[in-house]
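J.: Taking this note's numbering, the leading residue of the sequence shown gets 220, the next gets one more, and so forth.
Everything labelled a hint here was simulated from the structure, so no lab data went into it.
One or more of the hints may lead you astray.
Only pairs whose alpha carbons sit at most 16 Å apart, straight line, appear in this in silico EDC-like list of lysine to aspartate or glutamate [what the hints assert, rightly or not]:
no.: 1; residue 1: K230; residue 2: D437
no.: 2; residue 1: K263; residue 2: D336
no.: 3; residue 1: K528; residue 2: E371
no.: 4; residue 1: K229; residue 2: E369
no.: 5; residue 1: K230; residue 2: E371
no.: 6; residue 1: K263; residue 2: E339
no.: 7; residue 1: K263; residue 2: D277
Note that this is a predicted model, so its numbers are computed, not measured.
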Amino acid sequence: MVQVKIKERKKVQSAWAMYDWANSVYSLVITSTIFPVYFNSVTKSEERGDVVSFFGIDVVNTVLYSYSISFSFLVIAIASPFLSGMADYGGRKLIFMKIFAYLGSMACVGLFFFDGDNLEYGVICAILASIGYAGSIVFYNAFLPEIATEDEFDFLSARGFALGYIGSVILLLLNLFMIELPDFFGLKDGGEAARWSFLITGIWWAGFAQISFRYLPDNPYNKKVKKALLLKGYKEIKRIFKIVRGSTVMNRFLAAFFFYSMGVQTVMYLAASFGDKELGLPGDKLIITILIIQLVAIGGSYLFAYISKLFGNKASLVIMVFIWVLICGAAYYVVNEYQFYALAFVVGMVMGGIQSLSRSTYSKLIPEDTTQHASYFSFYDVTEKLAIVLGTFSYGLIEQFTGSMRNSSLALGLFFIVGLSFLILVRIPKQDFQPLIEVKNA
Numbered sequence: 220m221v222q223v224k225i226k227e228r229k230k231v232q233s234a235w236a237m238y239d240w241a242n243s244v245y246s247l248v249i250t251s252t253i254f255p256v257y258f259n260s261v262t263k264s265e266e267r268g269d270v271v272s273f274f275g276i277d278v279v280n281t282v283l284y285s286y287s288i289s290f291s292f293l294v295i296a297i298a299s300p301f302l303s304g305m306a307d308y309g310g311r312k313l314i315f316m317k318i319f320a321y322l323g324s325m326a327c328v329g330l331f332f333f334d335g336d337n338l339e340y341g342v343i344c345a346i347l348a349s350i351g352y353a354g355s356i357v358f359y360n361a362f363l364p365e366i367a368t369e370d371e372f373d374f375l376s377a378r379g380f381a382l383g384y385i386g387s388v389i390l391l392l393l394n395l396f397m398i399e400l401p402d403f404f405g406l407k408d409g410g411e412a413a414r415w416s417f418l419i420t421g422i423w424w425a426g427f428a429q430i431s432f433r434y435l436p437d438n439p440y441n442k443k444v445k446k447a448l449l450l451k452g453y454k455e456i457k458r459i460f461k462i463v464r465g466s467t468v469m470n471r472f473l474a475a476f477f478f479y480s481m482g483v484q485t486v487m488y489l490a491a492s493f494g495d496k497e498l499g500l501p502g503d504k505l506i507i508t509i510l511i512i513q514l515v516a517i518g519g520s521y522l523f524a525y526i527s528k529l530f531g532n533k534a535s536l537v538i539m540v541f542i543w544v545l546i547c548g549a550a551y552y553v554v555n556e557y558q559f560y561a562l563a564f565v566v567g568m569v570m571g572g573i574q575s576l577s578r579s580t581y582s583k584l585i586p587e588d589t590t591q592h593a594s595y596f597s598f599y600d601v602t603e604k605l606a607i608v609l610g611t612f613s614y615g616l617i618e619q620f621t622g623s624m625r626n627s628s629l630a631l632g633l634f635f636i637v638g639l640s641f642l643i644l645v646r647i648p649k650q651d652f653q654p655l656i657e658v659k660n661a
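Could you put the whole structure together from the sequences, leaning on the hints where they help?
T.: Following this line, the structure appears as structure tokens:
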């Protein structure tokens, strides 16, 4: 166990939280705001409307976008358990985190060259960026129980998400300024400004990630890299799977997390598309909506961390999931931008809280005597990724068959109800976690 002073431990925790600052710009700029609007704009035509040809297959542009997100998370859901087993067995969490972070950031840079005429190229870059983002998160999350005590999990997790929301809002405002006033930056139009925003996002992500890479512990358990790492990784993840499968509390929590994540993540990825298609809101108003969500989510992260401190994680999560059910029902009846803004405010309040508290709650369920944190967190992240796959796919499928995203929103409400049912059955045990980086009195 590494012995360091409290000042050094806080530095590591700050560096860990900074990765949320680094990568959340991808989540906001690429998946939630500018890229979906830009994608819809450059893939529309007078002749074919919003129908595009992707490798010879005709599909609605928003449906293609939904399916591309589903595919990217399916890839990482399949790969991450094996990678996590390898990372745990060989002590390579930080290396794998770097690989995926650089893959994602470089793919964002690649989107600078997407102009609508090269549809397949743009979708492939978007998929690679998504894989990089999702893959790096698996290993990033796994550091949490190694650098903090259990009583610090909720607020440290909230701190990470809050930093992510703040950083992404700062960059989004800059990008929005570029799109609204392209002449000021010497750009031709808003479309070119949007492409520059993708480039800047990739640079921001890779650049600020260096802070995390500099201070996060590299192979803290001093594990030796041996031959047949893939085989050993497979055996390791198989062993952890048996433990997770035999834990009632983990099974129930992951089941609840799976169903309510289908709703949360789908709303996060497709809210802009909903406002664009169902309400006809222009791009600037859609971005304002997402800004509302991000800013309110900062307070929501800390609010529900405080509620969990008073009443427990379960009570806090139950409250949020119930609010999500009401949100999905209300979305069906939204008809103007002001109602959409009001709904966005409520979404932001529970989005920040449910993401940060879900991560910290799962950390409390991991056995305190294990060193296999990446393997345990791979099941958490696979659950989330599969939820995104099924959530975004079903959202697109329902729209394709019914012709309305409103019907898709009602389906999300059902997912939250099922998740709430499982969550009620969860009993979160108390543990006495000690961080890998132990406090030493100065």
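J.: Which numbered hints does this structure break?
T.: none
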